[in-house]
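These protein sequence lines map, in sequence, to chains D and L. Just so we're aligned: the first sequence equals residues 1 to 204 in the UniProt record's numbering. Just so we're aligned: the second sequence equals residues 1 to 204 in the UniProt record's numbering.
A few of these clues could be false.
Each computed SDA-like pair below joins lysine to any residue, with the alpha-carbon atoms no more than 25 Å apart [stated by the list, open to error]:
1. 87/D - 109/L
2. 197/L - 11/L
3. 197/L - 55/L
4. 87/D - 73/D
5. 87/D - 111/L
6. 87/D - 113/L
7. 87/L - 109/D
8. 87/D - 137/L
9. 87/L - 28/D
10. 87/D - 197/L
11. 87/L - 197/D
12. 87/D - 74/D
13. 87/L - 152/D
14. 87/D - 87/L
15. 87/L - 159/D
16. 87/L - 156/D
17. 87/D - 170/D
18. 87/L - 105/D
19. 197/D - 156/D
20. 87/D - 28/D
21. 87/L - 157/L
22. 87/D - 152/L
23. 87/L - 106/D
24. 87/D - 157/L
25. 87/D - 200/D
26. 87/D - 203/D
27. 87/L - 110/D
28. 197/D - 99/D
29. 87/D - 105/L
Since the hints were made in silico from the structure, they are not lab data.
2 protein chains.
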Amino acid sequence: MPDTTLPPPVVPPNVIPPRSGAAFRLARGQVLEVVDIMGTQVSDLLAFNADDVREVISNGRTFDYEETLKLTTGNTLWSNRSQPMLKLLRDDAGCHDFLLTPCSEATFRHFYPHQPVHRGCFGNLAEALAPYGIEPDAIPCAFNVFMNVPFDGDTGRLRVDPPRSQPGDVLQLEAQMDLVIGLTACSAYASNGGTFKPIGWRIV
Amino acid sequence: MPDTTLPPPVVPPNVIPPRSGAAFRLARGQVLEVVDIMGTQVSDLLAFNADDVREVISNGRTFDYEETLKLTTGNTLWSNRSQPMLKLLRDDAGCHDFLLTPCSEATFRHFYPHQPVHRGCFGNLAEALAPYGIEPDAIPCAFNVFMNVPFDGDTGRLRVDPPRSQPGDVLQLEAQMDLVIGLTACSAYASNGGTFKPIGWRIV
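All chains, please: the whole structure from these sequences, using the hints.
Dropping the structure here:
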């Protein structure tokens, strides 16, 4: 019988290097922790039904059912088929975005015409998700963990500010069905306060 | 030679009956007019690249490139491949939504548990778009013409209010590529101030 007086073991996170991505399975009931190891770093998150990848997280369904654009502890991320996919548990930073799509080469050319072009989270997600049969055109708006996108209720204007997340900040998400997860360390200049850092993740 | 001193002929609109939908082609350069014939009626609009229907309007790409959640004259609706699809020209009502997905049977069960279930704009769009090879899972967030969804910049809370559109109000959209358009007369109770009315459209 385990000694329950001991604290649970600390599992070191898997590390997604700066400006790259990963994909993995997350079984129903498992909890994914996304860790901002160094602080001020965004991570784009996608979720697909592992049994049928045409079912995918949907910002519009989520905004509709949760009746808010700002999602935190207690909120659920819903699929395009109106099923719960991920429930948000611990949320240290309390600031995420579900309005914007992952940056791509085209996005870089648009917003950073004088900087080197990068394939962005879109390209990183496309490569990581290809082994699961997910095509680039099937990549929807990501849930952008730690991304700080203020918007104005009167004018609708939005902007991308540096994340508020501190080193070690965690977001926990509990899978509501068997999932394929895509996850990145974001590659866009404005989204991360000008520097690119790794993202950690673990299944707890 | 035509007599240019005469006003242009008035083309009566095609009519989408209450709680139904339609799909049709719109060639690059053509202008689609969506007409709120009786006022206070929403119309969900989708656009697909007619040459490859995997390319589709994207709220996230549009919010990103237009840097606003409120789209009106001068704004463009962008595709998931970062291409311009539709440019907004004349906009009488000045109030539309691009945050929410088309209502479906599941949405009706969620929001109106004591009312008869309807397949909603989702079901109407799925049927109208099927002949173009578009599957239900490929239906993204629609551009919800005349829909009134106020949101709070601080809390993120949103709600669905009756449309502000008056009888005869028009939204003109100019196609930036050859498109397949899906268009509905919205079926949801809250979105239309409690009644269901037709929507008109014409290509000018």
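query = Quick check: which numbered hints come out false for this structure?
reply = 3, 9, 10, 11, 14, 19, 21
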